[in-house]
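Chemist: What follows is each chain in one-letter form.
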Amino acid sequence: MSANAAGLSGADTAKRQGRRMAPPVIRGLLWAAIGFLIFNTLVSQVLDRELYDPFVTRVSATVGWAAAVIGWLLGVGAWEVIVLPFFGHPVEWDVPNDWRRYFMFSTDHKVVGLQYIFTTTGSFLLAGFAAMMMRMELMNAKLWVFTNPGAYLTTVGIHGTVMMFSVGTVALVGGFANYFIPLMIGANSSAFPRLSGLSHWLLPAGIATVFLSPLLGQWTTGWRAYAPLSGQDPSGIVFYYLGVFAMTTSSLLVAINLTVTIIFKRAPGLTWNRLPMFAWGILAVSLLTIIWVPEIQMTFIISLLNLIVPFSLFEQTGSPLTYMESFWLFGHPEVYIIVVPAFALWQEIVPVMGQKTLFARQWGVLGLVFVMLFSGLVWAHHMFTNMRNSEMLPFSFFTEMISIPTGFSYLVVIGTLWGARLKFSTPTLFVLMSMFNFLIGGITGVLLADPVINLQTHDTFFVLSHFHYTVIGSMIFTWLAAAYYWLPKLSGRMYSEALGKLGAIWVFVAFNSAFGQMFFAGFHGMNRWVAVYPQYLQNINFSISMFAFLLGLGFLFNFVHIAWMWNKGKPAEQNPWNGKTLEWHATPKPGIATFKPLPQVETGFYDYRESAPSVTTSPKRT
Amino acid sequence: MIDILLFAVFWLIATLLGEWGVHAMEARGLYYSAATSQALDGEKAMAFILTVLVPVIAFIVVMLIYTALRFRSRRSLQFRDNKMFIGIWVLLSIALNILFFVHPSASALEQMFNNEEARLNRHDLIVNVTARQWEWIFSYPQYGIQTAEDSNGNSTLYLPVNQNVRFVLRSYDPYHTYDPNGAVIHDFWIPAFGLKQDIIPGETRLEYVHTNKITSYDVDPMVRVQCAEVCGPGHPFMEAPVHVVSSSDFLKWVQAQRKLEAS
Ligand code: HEM
Ligand SMILES: [Cu+2]
Ligand SMILES: [Cu+2]
Chain V
1 MSANAAGLSG
11 ADTAKRQGRR
21 MAPPVIRGLL
31 WAAIGFLIFN
41 TLVSQVLDRE
51 LYDPFVTRVS
61 ATVGWAAAVI
71 GWLLGVGAWE
81 VIVLPFFGHP
91 VEWDVPNDWR
101 RYFMFSTDHK
111 VVGLQYIFTT
121 TGSFLLAGFA
131 AMMMRMELMN
141 AKLWVFTNPG
151 AYLTTVGIHG
161 TVMMFSVGTV
171 ALVGGFANYF
181 IPLMIGANSS
191 AFPRLSGLSH
201 WLLPAGIATV
211 FLSPLLGQWT
221 TGWRAYAPLS
231 GQDPSGIVFY
241 YLGVFAMTTS
251 SLLVAINLTV
261 TIIFKRAPGL
271 TWNRLPMFAW
281 GILAVSLLTI
291 IWVPEIQMTF
301 IISLLNLIVP
311 FSLFEQTGSP
321 LTYMESFWLF
331 GHPEVYIIVV
341 PAFALWQEIV
351 PVMGQKTLFA
361 RQWGVLGLVF
371 VMLFSGLVWA
381 HHMFTNMRNS
391 EMLPFSFFTE
401 MISIPTGFSY
411 LVVIGTLWGA
421 RLKFSTPTLF
431 VLMSMFNFLI
441 GGITGVLLAD
451 PVINLQTHDT
461 FFVLSHFHYT
471 VIGSMIFTWL
481 AAAYYWLPKL
491 SGRMYSEALG
501 KLGAIWVFVA
511 FNSAFGQMFF
521 AGFHGMNRWV
531 AVYPQYLQNI
541 NFSISMFAFL
551 LGLGFLFNFV
561 HIAWMWNKGK
571 PAEQNPWNGK
581 TLEWHATPKP
591 GIATFKPLPQ
601 VETGFYDYRE
611 SAPSVTTSPK
621 RT
Chain Y
1001 MIDILLFAVF
1011 WLIATLLGEW
1021 GVHAMEARGL
1031 YYSAATSQAL
1041 DGEKAMAFIL
1051 TVLVPVIAFI
1061 VVMLIYTALR
1071 FRSRRSLQFR
1081 DNKMFIGIWV
1091 LLSIALNILF
1101 FVHPSASALE
1111 QMFNNEEARL
1121 NRHDLIVNVT
1131 ARQWEWIFSY
1141 PQYGIQTAED
1151 SNGNSTLYLP
1161 VNQNVRFVLR
1171 SYDPYHTYDP
1181 NGAVIHDFWI
1191 PAFGLKQDII
1201 PGETRLEYVH
1211 TNKITSYDVD
1221 PMVRVQCAEV
1231 CGPGHPFMEA
1241 PVHVVSSSDF
1251 LKWVQAQRKL
1261 EAS
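Just so you know, the sequences run in chain order V and Y. Going by this note's numbering, the first residue of the first sequence is number 1, and it counts up by one from there. Going by this note's numbering, the first residue of the second sequence is number 1001, and it counts up by one from there.
None of these hints come from the bench; they were simulated from the model. It should be emphasised that the depicted structure is a prediction, and the values quoted were computed from it without experimental measurement. Each residue gets a CB set at the ideal place from its N, CA and C atoms; glycine is no exception. Hints are not guaranteed to be accurate.
[Said to hold, decoys possible] Incomplete in silico selection of chain Y near chain V, CB under 8 Å:
1) L1030
2) G1042
3) A1045
4) M1046
5) R1072
6) I1094
7) A1095
8) N1181
9) I1185
10) D1187
11) G1202
12) V1219
13) P1221
14) Q1226
15) C1231
16) P1236
[Said to hold, decoys possible] Computed from the model, here is a short list of chain V residues facing chain Y with C-beta under 7 Å:
17) T220
18) T249
19) S312
20) E315
21) S396
22) W418
23) P451
24) I453
25) D459
26) F523
[Unchecked claim] Derived CB-CB ranges, DEER-like:
27) V560(V) / D1150(Y): 50 to 60 Å
28) H1023(Y) / E295(V): 39 to 49 Å
29) N539(V) / E1026(Y): 20 to 30 Å
30) G1234(Y) / S319(V): 16 to 26 Å
31) E1203(Y) / I291(V): 24 to 34 Å
32) E1203(Y) / S189(V): 32 to 42 Å
33) E1203(Y) / K423(V): 54 to 64 Å
34) P597(V) / G1021(Y): 54 to 64 Å
35) E50(V) / Y1178(Y): 17 to 27 Å
My request is simple: use the sequences and hints to build the entire structure.
Modeler: What follows is the structure, encoded as structure tokens:
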């Protein structure tokens, strides 16, 4: 370690430093490997030798992993940016102004945002590939892709975990919000740039940990990692807890950074009444994250200790349901962490595309905030099959009531669409599709909130389809809407309308055909977590799989299209959609200050009347 | 004005189509197969909710399509408020949710709780269900049957028709009782019976059904016990066939089981 650090100290320019130091990512990997080896060996060979002397034990893997993550973070740049300055050294960390900046610690919120966007896209493709393997297996009622049902279950667990904690929770928050929130509120940086730089690098560490978990053994619990079952499996589950710890910490740091940014770094004149809808959405989910992520992290730590000490906290002699209660206490707010930014983006994109004053804005804000407040009151609707009778009605009540503030997002968008001058572009199409899909997710949610119906549909493909409608159908569709909407801002280039619409229709048709059928499979007796199922369900599963593959290809098509146009698209105008929010009036190139001087905001951003006053007064840098 | 009229027409058409679809599904049976009164109650609750919600779904879907196709590149109307529309929307969404909470959520649940009341169940058939990894064990204490098995030694569940049944659910491994922490959570689910109940190690859970038609796994694969909570690699294999038979056939089966166990 010291040799590397010494090699750095003389560097002053980006170029020289680049030559003298190993690329940060490589250095990070090296330090991680060294950290793991040293601490794992120390624990398994010296401090805590076990019977038969295995080289990797649950305890040594845990300690070694912690050392590896610290080594990785220091290696990608935390050593120079955080540790050395802490001891009074000047910061010597020059970020070259080219592609290399994405592969090292950066304090520029735009670079961090793009790093998150790339990392989530990569993990979406990997976890999506896992889904394709699962659908392949389910084409046939017998085992044929996986060699045993445990391998299938491990794949389900990895798919669900990575999708939830590195795509669902992260794509719109760590990705687009890190990039755009400071721009939209007229700030040149986020509130805690170094924290923000650190947060991204925890994410690949967590993703890698979860994908490597089979090295320690199968785990069959699915993404909930629920005890008591988790206490039985081989040790793979240890890497689940550790990997998710890294990913959720990443989200927590983002949430803290964005909350403080939104509260304290708004441009002069940008009052709460004028705050963009997307910023409201991000503020709501950041607060949710700050409230609930520490709760689940404690649960995971306790469950990990339960495994490695070991205790028997969640077993028969302990309290078997406590883990599930604690999990869903976080787990339900988690789904709103995923979907609230999508609601906010509908309300952000539609007025711009319609060139129409935002309708009933205060109800939209109320909706976002009340969804956030209610989401802590509904968790046990995941547990109708094992709760006391007396608990059913209150949880059913709150679950049904949460559809009221959710509906306000529809109220706002529909009011805005009526009489608009709508540009029927790819982002518009994706937003409308997302709203349709969430409607299906919401209606099936109302059915699930009814205890009597829930007792039949719980743990079947009905539920599976319900939540995929909310995560893929609305959040992923809105993610793509945002990607097309902001592409001109991110890259300075325009996508192709024809290909964009083709991509939208493709994924919409494939998605609804695949997941629409799953509702019926669920009613017909198809339960979850089974690699093998009764023969009579094979036809419908075969058909679902075909459309699922089509969906996978559709996503690939959209990603390739966006990536291609990012580099080769036609140059775009500064403000192609004629939006009023501040990001369209700024220079959003990484490495360049956005606003010089800071804008003075005079009015809200969603007034499209001809007589509308202009939004800012100070001269804009274009 | 013309827009509102046109929209209303489309909305009406979509609603009618939707209601027709719901009723077609209802006629087919929303749960595909319903062999207990509990399953019928569930189907009824679902049909009610869907029937009421069809106009709401139709409103939003037609709205999304209509506005997207109709309001294009014309001069836009600019407004930011419409007290009446917002008022109706908010009040209606509150009213609908309260309606659903009262009926069917609370009312159907009340029905279910009533079925569970001891006074109504004095003549329950009691079936002790033991879930172990990965097998179901059924015993009939009232008839002295320890493990109900077919001639191949696989667990089977026989129930008489038109009878209240009380399942007593426990999760432990009767063959390995030396490990008090070995058990995990399972879930007792018979798809055609329309409800399920988790089985928690260290606890005793009950599930009540009232069988209402003669059927069996041989004619309908939904008449099977299927574990619905993941319980390890053997989870998919935790199933057992169910037979709902007439009471005389049931007694015949009891005799045969006794003979089997005695031998
Ligand atoms: C790309 C298309 C996708 C397909 C075809 C797909 C398919 C599936 C399938 C087949 C299962 C397992 C069913 C079972 O045997 O229980 C599953 C589980 C799951 N999926 Fe997906 N999925 C996709 C995308 C997503 C996305 C985008 C998310 C979240 C952001 C997600 C979250 C989950 C979760 C949380 C589970 C549950 C895992 C568990 O049971 O513990 N999926 N998915
Ligand atoms: Cu089981
Ligand atoms: Cu199971």
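Chemist: Against chain V, run the beta carbon of D1187(Y) and see if the smallest gap drops under 8 Å.
Modeler: D1187(Y) check passes; min Cβ-Cβ to chain V is 6 Å, inside 8 Å.
Chemist: Tell me if the interface restraint on A1045(Y) is satisfied: Cβ within less than 8 Å of some Cβ in chain V.
Modeler: Nearest chain V Cβ about 5 Å off; hint holds.
Chemist: Have a go at the P451(V) hint: is there a Cβ in chain Y nearer than 7 Å to its own Cβ?
Modeler: Cβ of P451(V) sits 5 Å from chain Y, so the hint holds.
Chemist: Min Cβ distance, P1236(Y) to chain V: is it shorter than 8 Å?
Modeler: Since the shortest Cβ distance to chain V is 4 Å, the answer is holds.
Chemist: Quick check on the hint: P1221(Y) CB to chain V CB, less than 8 Å?
Modeler: holds, 5 Å
Chemist: Evaluate the given range 24 to 34 Å for the C-beta pair formed by E1203(Y) and I291(V).
Modeler: Holds, at about 31 Å.
Chemist: Quick one, is the I453(V) hint okay against chain Y at 7 Å, beta carbons?
Modeler: holds, 5 Å
Chemist: Could you say whether the range 20 to 30 Å given as a hint is met by the Cβ separation of N539(V) and E1026(Y)?
Modeler: holds, 23 Å
Chemist: For the range 54 to 64 Å, tell me whether the beta carbons of P597(V) and G1021(Y) fit it or not.
Modeler: holds, 60 Å
Chemist: Evaluate the given range 32 to 42 Å for the C-beta pair formed by E1203(Y) and S189(V).
Modeler: violated, 54 Å
Chemist: Would you check whether G1042(Y) satisfies its interface hint, that is, whether its CB is within less than 8 Å of any CB in chain V?
Modeler: holds, 5 Å
Chemist: Does the closest beta carbon of chain Y sit nearer than 7 Å to the beta carbon of S396(V)?
Modeler: Status holds, d = 5 Å.
Hint violations for this structure: numbers 7, 12, 18 and 32, all remaining hints satisfied.
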